[in-house]
Amino acid sequence: MELFRVGHDVYGQRVLEGIAWDLLPVFAGIGAVVILGHLIYKLIRGNRGA
Amino acid sequence: MATVVDSGAIPTSQAEAPGGRIERHAGVDRLFHWLTAASVLTLMATGLLPVLGVQFNWVVVHWSVGCLLIVLVLFHIVRSLIWQRLRTMWFSGAELARKQVGKYTVAQKLMHIAMTLMILGATITGGTMLAKMDTPLWKRDPYVLSQETWGAIYVIHGLAALSAVTLVMIHVYFSILPENRMYLRAMIKGWITRQELVQHHDAHTKQ
Numbered sequence: 001m002e003l004f005r006v007g008h009d010v011y012g013q014r015v016l017e018g019i020a021w022d023l024l025p026v027f028a029g030i031g032a033v034v035i036l037g038h039l040i041y042k043l044i045r046g047n048r049g050a
Numbered sequence: 001m002a003t004v005v006d007s008g009a010i011p012t013s014q015a016e017a018p019g020g021r022i023e024r025h026a027g028v029d030r031l032f033h034w035l036t037a038a039s040v041l042t043l044m045a046t047g048l049l050p051v052l053g054v055q056f057n058w059v060v061v062h063w064s065v066g067c068l069l070i071v072l073v074l075f076h077i078v079r080s081l082i083w084q085r086l087r088t089m090w091f092s093g094a095e096l097a098r099k100q101v102g103k104y105t106v107a108q109k110l111m112h113i114a115m116t117l118m119i120l121g122a123t124i125t126g127g128t129m130l131a132k133m134d135t136p137l138w139k140r141d142p143y144v145l146s147q148e149t150w151g152a153i154y155v156i157h158g159l160a161a162l163s164a165v166t167l168v169m170i171h172v173y174f175s176i177l178p179e180n181r182m183y184l185r186a187m188i189k190g191w192i193t194r195q196e197l198v199q200h201h202d203a204h205t206k207q
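Going down the list, the sequences are from chains A and B. The numbering used here applies: residue 1 is where the first sequence begins, and numbers increase by one. The numbering used here applies: residue 1 is where the second sequence begins, and numbers increase by one.
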């Protein structure tokens with residue numbers, strides 16, 4: 001997976017164009033993992049407390 | 001009318017208004033919060049939907065709302081430096097040792113720091129990128145910075161946009177949890193009850 005978008009200028013030199021948009025699902029996934037992790041933590045802690 | 005609890009230090013004899021309501025967020029701060037939220041969501045939609053293949057004329061809306069966000073950030077910086085206490089948003093040893101909870105919990109402070117970094121990254125780079133835009137106020141000048149510098153600016157701006165996805169997901173999730181419902185209500189209506197304050201916070205801390 002690429003981290004950056006890279007293009008070429010008029011002289012054929014590589015230029016940095018930005019972050020790779022392929023990373024969008026990764027960042028959404030991190031959010032989902034945190035949320036799921038917290039839900040599981042709450043579930044386990046709730047069961048222990050019961 | 002509720003009593004303002006700006007720093008977390010609450011004089012017990014005066015803090016409770018009739019009905020036991022204590023003001024947690026002043027109206028101007030709630031307005032700032034929701035305008036910022038609307039701006040960030042609009043910027044995410046106009047910036048990221050085209051990436052996902054939803055094509056529309058997003059540029060004008062994006063930079064216009066970006067300018068609004070810059071104004072909101074400047075307002076917040078001035079307000080927090082002059083009318084609020086910066087240390088309200090920082091950590092004390094007692095808080096980190098879980099012995100004390102000030103106006104904001106450690107988790108809320110961490111979220112604030114993460115949002116601050118994301119929004120500052122987005123607005124500083126976005127504001128710089130306005131130099132590449134033709135607007136009613138100025139003509140574009142893409143040569144004001146080198147190509148390498150523009151590349152770094154695009155990377156930071158994109159990283160802020162992607163981070164916004166993670167942060168908004170986590171922020172919305174934690175704000176709608178039943179145990180945090182009082183904070184959501186406080187951000188809408190402004191107040192928490194004295195019972196909620198006593199249960200979840202140390203009323204006399206200066207943090």
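Think of the hints as simulated: they come from the structure by calculation, not from any bench. Incorrect hints may have been included.
As the list claims (entries may be wrong) - No farther apart than 30 Å at their CA atoms in a straight line, the calculated lysine-lysine pairs in the BS3-like style are these:
(1) B/K189 <-> B/K139
(2) B/K189 <-> B/K132
(3) A/K42 <-> B/K139
(4) B/K109 <-> B/K99
(5) A/K42 <-> B/K189
(6) B/K109 <-> A/K42
To be verified - Covered, in the sense of this in silico footprint (three residues per stretch, anywhere, with C-beta under 8 Å from a C-beta of chain A), are these stretches of chain B:
(7) 36 to 42
(8) 68 to 82
Virtual Cβ for every residue (Gly too), placed ideally from N, Cα, C.
> When you check the alpha-carbon spacing of B/K109 and A/K42, does it fall within 30 Å?
Replying inline: Roughly 21 Å separates the two Cα atoms, so the pair holds.
> Has the segment 36 to 42 of chain B got at least three residues whose CB is nearer than 8 Å to a CB belonging to chain A?
Replying inline: n = 0 at 8 Å, threshold three: violated.
>> Check whether the Cα positions of B/K109 and B/K99 lie no farther apart than 30 Å.
In response: holds, 16 Å
>> So if I understand the rule, the pair passes when the alpha-carbon distance is 30 Å or less; does A/K42 with B/K189 pass?
In response: holds, 28 Å
>> Hinted pair, alpha-carbon criterion (30 Å max): A/K42, B/K139. Please report holds or violated.
In response: violated, 54 Å
> How does the coverage statement for the segment 68 to 82 of chain B fare against chain A, requiring three or more residues with Cβ below 8 Å from a Cβ of that chain?
Replying inline: violated (count 0)
>> Between the alpha carbons of B/K189 and B/K132, is the straight-line distance 30 Å or under?
In response: With a Cα-Cα distance of about 41 Å, the restraint between B/K189 and B/K132 is violated, given a limit of 30 Å.
> If you draw a straight line from the CA of B/K189 to the CA of B/K139, is it 30 Å or shorter?
Replying inline: violated, 43 Å
Violated hints, listed in ascending order, are 1, 2, 3, 7, 8; each of the other numbered hints is respected by the structure.
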